[in-house]
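Given only the sequences and the hints, what does the whole structure look like? Please build it.
Residue numbers (this note's numbering), protein chains in the order written: chain A, 1 to 410; chain S, 1 to 410; chain B, 1 to 141; chain U, 1 to 141.
What the hints contain is simulated information worked out from the structure, not anything from laboratory work.
Just to be clear, a hint being listed does not mean it is correct.
Straight-line alpha carbon distances no greater than 25 Å define the calculated PhoX-like cross-link-like pairs of lysine-lysine that follow [what the hints assert, rightly or not]:
1. 79/S <-> 51/U
2. 113/S <-> 109/A
3. 327/S <-> 51/B
4. 241/S <-> 51/U
5. 144/A <-> 109/A
6. 404/A <-> 131/U
7. 79/A <-> 51/B
8. 109/S <-> 109/A
Remember, it's a predicted structure, so these values are computed and weren't measured experimentally.
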Amino acid sequence: MNQSIDIASIRAQFPVLNEQVNGKPLVYFDNAATTQKPHSVINALQSYYQHDNANIHRSAHTLAARATEHFEATREMLKLFINAKESAECIFTKGVTESINLVAASYGKLVLKPGDEVLLTEMEHHSNLVPWQRICAETGAVLKFIPVESDGSIHLETALACINSKVKIVSMVWVSNALGTINPIQTIIETAHGIGAKVMIDAAQAASHFKIDVQALDCDFMALSSHKLYGPTGLGVLYGKRELLAAMPPYQSGGEMIKEVFLTHSTYNELPYKFEAGTPNIADVIAFKMALKFVSDIGHDSIASHENSLYHYLLNAINHASLKQLKLIGTSSNKIAVQSFEIESLHHFDVGLLLDASGIAVRTGHHCTQPLMRKFGIDGTVRASFAIYNTTDEIDYFIAALQKICHRIK
Amino acid sequence: MNQSIDIASIRAQFPVLNEQVNGKPLVYFDNAATTQKPHSVINALQSYYQHDNANIHRSAHTLAARATEHFEATREMLKLFINAKESAECIFTKGVTESINLVAASYGKLVLKPGDEVLLTEMEHHSNLVPWQRICAETGAVLKFIPVESDGSIHLETALACINSKVKIVSMVWVSNALGTINPIQTIIETAHGIGAKVMIDAAQAASHFKIDVQALDCDFMALSSHKLYGPTGLGVLYGKRELLAAMPPYQSGGEMIKEVFLTHSTYNELPYKFEAGTPNIADVIAFKMALKFVSDIGHDSIASHENSLYHYLLNAINHASLKQLKLIGTSSNKIAVQSFEIESLHHFDVGLLLDASGIAVRTGHHCTQPLMRKFGIDGTVRASFAIYNTTDEIDYFIAALQKICHRIK
Amino acid sequence: MKTINEIQDEIVADFSLFEDDMESKLFYLMDLGKKLEPMDSAHQTPEFLIKGCMSKVWVYPIFVDGILHFEVDSNTEITKGLVALLVKIWNNRTPSEILNTDLYFIAQIGMGNMIGSQRSNGFAGMIQQMKLYATAFQSHN
Amino acid sequence: MKTINEIQDEIVADFSLFEDDMESKLFYLMDLGKKLEPMDSAHQTPEFLIKGCMSKVWVYPIFVDGILHFEVDSNTEITKGLVALLVKIWNNRTPSEILNTDLYFIAQIGMGNMIGSQRSNGFAGMIQQMKLYATAFQSHN
Ligand SMILES: Cc1ncc(COP(=O)(O)O)c(C=O)c1O
Ligand SMILES: Cc1ncc(COP(=O)(O)O)c(C=O)c1O
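Structure (structure tokens):
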């Protein structure tokens, strides 16, 4: 199904790609931090505020009905996008970070007993680590880690060996934001279910690159961020299986999430509203639908194929350029189009600034994975991460900039 | 300082006011639910996504630096807007609901002991009630309520009498969203401080109507929502005094809010970042600055004066129209421009639909204040709430629509 | 007795008189509701409440001699008018007549536009419940 | 020895050669950093670290015969170049010379544009700390 796609026409949908940075055309290779937004998303925001803006649910007026309808339409689209059984299993949050905090605080607190284990990997983003540290400290459960190998992958056998009967929750990143490694979550989910553990998947980096099917995966929870998926900032998703979500206590409380409120006690609303306290991020939810549509219209197969070919082009180009001072970090064979690296004798931060001088945006630093950096004995990397609108021309330009830098510091 | 303002030119800044609803020009009287957004806010969103979009903080590239600068500029503006001592006391949240949840979960859990009292009023929005019910249940503290009188106000003496030495936290609404009543918070704050209690103010309904000065009030915490203040949805503010925020444990955890992360433990970032886990709602924060600027440019005095005159015009018009079936709910003399009412023998919901048929948007229902409604022996009201862009012409049209309804059901 | 479709056509004709005047359509609905036979309050129990409605709507079925009869009520006038429309069409029909109905009048009077999508869901809930009763009594027969 | 302003003028002239070539400006800064005398690693302690910098920058003051001398270092090359600029201007000056300096070169070379606002804050932190040392030794005198 891998039709060739017209990248020029895709680029034309992203106004920010016309920016000049330091007098050079912007080359945006910081997509793992946040993707750019197509016209359709920006226009949806504008159109909502120009025509429909109103607070949603339980209201008698037309604008509110319109806003409610559009808001819930995103949930329906999301259900299709991740193939959830029902849209009520899709909860809107602020982002992956909040989705994980919600599960740790609500589900973690519900099930974890002293001595129970929560299993993560050593490559987790802080957002999938610190919430578990805190709930373990509160409940007396113990954090365990699947180790990361020197190429930035995990060994499946080692991982499966960590899944013992004490493990109650496995929470792991599908794709590492720092290294790009794709983890073998399907087998881990099956094995975890075999001993009765539940599995939460951090899909922050996965969602824009390949198709998600929560029913096929059979994961128990999954977290997504809109802003990494061509959508607006300030919005995320928690997917959870109905029976789990239904049994969990609410996380935040207030308007929308209640059924009946008395001065001294309250009863709670149905899913998904039970977990959506307060006025939601209405405009961004509505615009997020256009981001999902953007990805679906191109198709995950085409996206993966374009990004993979970019990635191989990059690796090839690095080899041919014989950049001796350049050291790749994260060299697993199963990766998305993300490459971390160091340049010998130059701080990652300086490399970032020098590339920026050429208009190239990369991320530098620990990528919110300090324990992983420590494992590699470094305090950060330079990371280039690609999206559907990137091109081989941009990679050529990037390689030339790296050559110039390596040449200057010889 | 009360210059007369040009409402026509203000209306021209709000594109949504050109909408037609059921063939009639939109009359938007649902401002207490959410206000409309001026061009400047919508344009700021668009411009951010078209030119600057990047993940913020700790980055080497130009877009990220630009986004970070704009993001923090809103915090500086906010500090001026509420007259905080420092911008680090202004924390970005999802909205008032999250701000209150944060304080209840973090500060509440830190200080509340069995038998301690948390004092609210009977007119709280569910968002300032349910979080306290839950933290009281968890800590063994007891919820107490300042009673609401039949005109929808609280008696200051009765309120002060509730503040005994067991009270550790007073959390109350400054302005009732259901009734419009302005509460005497200044004296309550002073009295509460006299016995060592801390005071949280729910300023959801206050912020767009009159000037806020947290230092003059000396409140300990205050919550705001952007969407009720001419700004984007999905964004709120928690103000807190530095010494309190500094002593509080983090609420959510993950990226941004950490200093150093090890596999087994972490240390936390400085204020305000300690309470801002995950990628923030960057675009909406940046656009929110234009909302604050919109309000500041007109000036709170001018806003209050316009809205007060609208409100008196409304009360006068209701009197003259002799709408016998109409019963006002919330008749205190100290109110903002919000009026709840019932029409005899008609459900509030039907009134809402009938007004909508004339293009008039009002809110109907319990306004997330079920205990207050129960106190009045009703299950909801029709509520008209005004903002700076409303006019006496709109009120005339509204009164005519009410007359028609009352006439038909006679 | 008129056929189901004759009644639907009448409803469509009535609403078309109001053209774009939404307010009059709502008043008309309210008038329909007022003309309903009063419901036995003993039948207004939670089990006869329609799920998914923002207002309270009770539908109580009575099945005699192969014919379905509905007692209905609502706590809001407009919703009462909505359920009254269905009663107008479906009262004193056989289950199979009910189950075989194509409710084309809904689209033709522009119901979605008139009551919004949330109330449309509630309206769909009423239809579904009345059809469920029809199915139940049909198989019972 | 050149005056402070003569050195500032030289810096401005040097940078103006690069026109809009940001990359060359950064390489130039890095070269400046490389030419710094090495800092005694015993002086690279937390108390001599500049607060508010994203990189690590140490500034160690030595005050002899009324003259201030700075040992500096950084873990990143560009930041080292930044602090080298200040050393170029302020090394071997009296506290009052330092305190009376108008650092006009910063605006003239378009520093803000070159290093962004966050690093500009760090740079401001270096300046502030060096001036604090000057104040301290001046009153000490
Ligand atoms: C008085 C009051 N408190 C709290 C809230 C909750 O605000 P939000 O829904 O923006 O979190 C509202 C808004 O409905 C309100 O009016
Ligand atoms: C793998 C991974 N997990 C979690 C997060 C946190 O996402 P957010 O900051 O949108 O909450 C990120 C984003 O930085 C990520 O890449």
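Check the hint pairing residue 79/A with residue 51/B against an upper bound of 25 Å on the C-alpha distance.
Holds, because 23 Å separates the two Cα atoms, which is no more than 25 Å.
Between residue 79/S and residue 51/U, is the straight-line Cα distance small enough, at 25 Å or below?
Distance of about 23 Å is within 25 Å: holds.
Assess, step by step, whether the Cα of residue 113/S is no farther than 25 Å from the Cα of residue 109/A, and give holds or violated.
holds (21 Å)
Agreement of residue 404/A and residue 131/U with the hint, judged by alpha carbon distance not exceeding 25 Å:
violated (37 Å)
What's the verdict on residue 109/S and residue 109/A, does the C-alpha distance respect the 25 Å limit or exceed it?
Holds. Residue 109/S to residue 109/A sits at ~15 Å (cutoff 25 Å).
Within a Cα-Cα threshold of 25 Å, do residue 144/A and residue 109/A meet the stated pairing?
Judged against 25 Å, a Cα distance of about 17 Å means the pair holds.
Agreement of residue 327/S and residue 51/B with the hint, judged by alpha carbon distance not exceeding 25 Å:
violated (31 Å)
Can you confirm whether the C-alpha distance between residue 241/S and residue 51/U stays at or below 25 Å?
Judged against 25 Å, a Cα distance of about 23 Å means the pair holds.
Hint check: violations occur at hints 3, 6; the rest are consistent with the structure.
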